[in-house]
Every structure is written in structure tokens, then in C-alpha cells.
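Protein chains in written order, with my numbering: chain W, 1 to 378; chain A, 1001 to 1065.
Hints are not guaranteed to be accurate.
What the hints assert, rightly or not - Straight line, CA to CA, 27 angstroms or less: simulated DSS-like cross-link-like pairs of lysine-lysine:
1) W/K81 / W/K92
2) W/K22 / A/K1022
3) A/K1022 / W/K43
Honestly, the hints are just simulated from the structure, not real lab data.
Keep in mind that this is a model prediction, so the values were computed, not measured.
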Amino acid sequence: MSNNARKDGVVVLGGREFNRVKNGLDEAQVASFIDELTKERDKLAQSQDHIASLSRLAEMAVVEADKLATQVKTEAAEQAKAESTAIIDKAKEQARQMAEQKIAEAVEIANEKANAIKAKAEEEAALLLENEKIKIRSELHNLVNQQFGYMLEELESLKKQAAAVQADFDNKLSEPGEKDSTAAVEIAEESDTIVAKIAEERDAAAVKIAEEIDAAAVKIAEESDAVVAEERDTIVVKENKAPDEQPEPSQATNHIGKSFELSKLFESGDKPELGKPQWEVEILPPFDIAKIMEVVSFLDQLPEVANTEMIVPQIDMPSILVFLRESMNLVDVLQTIPAVAHVEEVTTDKAATNGEPGKGPRKVRVSLSGNTTSQENK
Amino acid sequence: MSNNARKDGVVVLGGREFNRVKNGLDEAQVASFIDELTKKRDKLARSQDHIASLNRLADWYSRHY
């Protein structure tokens, strides 16, 4: 305020012009006061500028802080992501190890159970084999006894006929007198020779049949051992295999061949004349000798049945001829046998005779129960 | 500045006494300029007070949060 410009009649104070007037205000006082006010104003204005600078600085700091916060946030997210990935990988590895451990334990338990099942199956197979051996031996013994009975009856009949012939000759020769006595003696001696020869042949045939049956029994037992052992291993290895699987054609053919050999034993020896059969029971594959024998034994025990005869052709299916003492419905009877699964009567032109002479037997087809693959090759 | 007290030979402008002298400054012009300066000063002073209040509020906020 001290550099106020002065003109004539005009005073400049604080950049403002004041006119001089008559009886005006003291210039020095006014100048001092204006100088004081302008200093205060300038001081406050400077402070205001400083505050504005601080505000701009604060705004910049806020912006930088926002950027830093964003950066920190991004880095934290990336770090968290990396840590979570590591945690997940570690958890997966632990889960994989646990799964492998559980699988190993399960496999071990399964192996233990499989071994137990295998041991049990072996025991059952051995027991089954032993039972089948006993059953086949018993049936073969019954068959031998039956054949012996037939032969003995026939031989006794022949013996009686020979004795009757000899007695008849003796009577006829004694009537003419002494002249024929020599011839009578010769005839008697010849008759005795024939009787002795018949008895000798009878004994030899009986011994031969017994030996053949024993050999067949031994052979069947050996084959059943091998088949049961093989099937036991197959059952243990292939537990999921279907139980009712049909045999292979070669197996069926083999079975028919074996059955045919056995049928020769059944048919060996002469049986008494029984006429024509009233029923023919055809057996459908798969075949089971034990079950077929069970059916035959069951039929033989019936009072209505006089006899049965096993027919095993080379190609066709085996059948049982049934000779009746009195009429009966064989279909109903067959359905009661446990070894028989299904019974079906075959209606043909020759059927429905039930023993009438000159006509064929009634035919019935049966399928055996259960799957006995192990015994089919016997 | 309009309510300036007047005595004989003395004029009060902005709370300050000015003597009347022969060939002095125009009272009206001086009064107008002084009024303008005081208004600016008062406005800046209020702004300073406002900023001081905001600083106190910021201090309190930083202490509590």
C-alpha cells in the first residue's frame, strides 16, 4: 500500500483510485487500514491455495490407493487361486491313495472269499463225486443182480426142459424092452452131457457178465473222477457262467456213444419174453446217466411195471421201453419223479394203444431236471 | 460499513476510526473499498473454518475407524 500512485486530485490505494475531496478522510489512516485488510486477505488466499494443493494431492493419493488396492486384490486372488489349486491337487492325491488302498483291501477280501468259495466248492464236488460213485455202484449191482436173475430163471427153465426131455426119453426107451437098452443108455448119457454143458456155459456167461460190469463200473468211476475235477475247476473260474448251458454237439455225441456202450451192458443176456412195450419214454438232451438210471429204477419198482428196457441208438435220442403188467397212465407217474423236469406225450398215428397187440407203444418225451454237465460224459 | 458511527470530525469505517481532514479521500469510495475487502476476508476466513472442521472430523474418523 505504500506504493500508491498519486495524481492530481486522485489517490491510488490497494490498486483502487480514490478522489480527493474537501473535508475527506485522512489518507494515512485509510492507507494503513486498507493495507492491513489486504494482508489478511492475501494470507487467507495463500492458505486456501495450499489447501487446494493438499486436496489435489489427496485425490491423487486416493487414486493411487485405489490402484494399489486393486493390485493387492488381484495378487491376493491369484495367490488364493494357486493355493486352492495346490490344496485340490493334494486332496486328489490323498483321495487317489485312499482309493488304491481301499481297492487293494477289497481285492484282498474278495480273494479270501473266492478261496473260501473255491474250498467249499471243492468239498461239495468231492462229496457229490463220492455220492455219485456210490449211486452208480449200487445201480450197477442192482443191474448185475437183475441180469443174474434173468439168466438163472432162463437156465432153470432150460434145465427143467432138459430134465423133462430126458424123462420122456427114459419112458419111451423103457417100453420096447431090452433090445433098446443100449441106445437108451447112450441117449441118457448124451442128455446128461448136454445138461452139464448148459450148466457150464451158464456159469461161464455169468462170470463173464460180472467181469464186464465190474470193468464198466471201474471205467465209469474213473471218468466221473476226471470230469468232476475238471468241472470243479471250471465252476470256480467261471462262476458267472449260465448254469443251464446246453452241451456241445460233440459232447452230446460222445455222451450218446458212452451211453450206447452202457446200453450194451443193459441189453446183454437174454430176458424173458415180455411181448411188446406199452410205453416208449424218449429222453431229450442234455443227458444224465444218473438221472436216467433213477427214472429206470423208479419205473422198475412200480407194481404195474413188468420190465423196462433201455434203448440207446447211435444217432437218435435214447429211450426207455416200458412193459406193463397192468394199464397205467405213465405221464402222471413220470411227473412225480424228481429227476424228470418236463413230460410231454407225443401223439402219433401209432399212439394210444396201451398194450393192444399189433400197434406201437405210446410215446412220451421227458427232459431231465437240473444241469449235470459233469456227469454227461460218464 | 454502512452503519458507520459519525462524530464530529471522525468517521468509523469497518470498526476503524478515520479523521476528517482538509483535502482528504472521498468517504464513499473508501467505504466501498473497505467493505469489499472485509467481505473477501470474511469469506476466506469462513472457508478456513470449514476446512478446520473437516480436519477435525477426519482425525476423529481415523481414530475410530
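The hints, checked one at a time:
1. Taking the CA atoms of W/K81 and W/K92, the gap is about 16 angstroms. The hint holds against a cut of 27 angstroms.
2. Distance hint between W/K22 and A/K1022 is fulfilled; the C-alpha atoms sit about 6 angstroms from each other, no more than 27 angstroms.
3. Between A/K1022 and W/K43 the alpha-carbon distance is near 34 angstroms, which puts this suggested pair outside the 27 angstroms criterion.
Hint 3 from the earlier list is the only one contradicted by this structure; the remaining hints agree with it.
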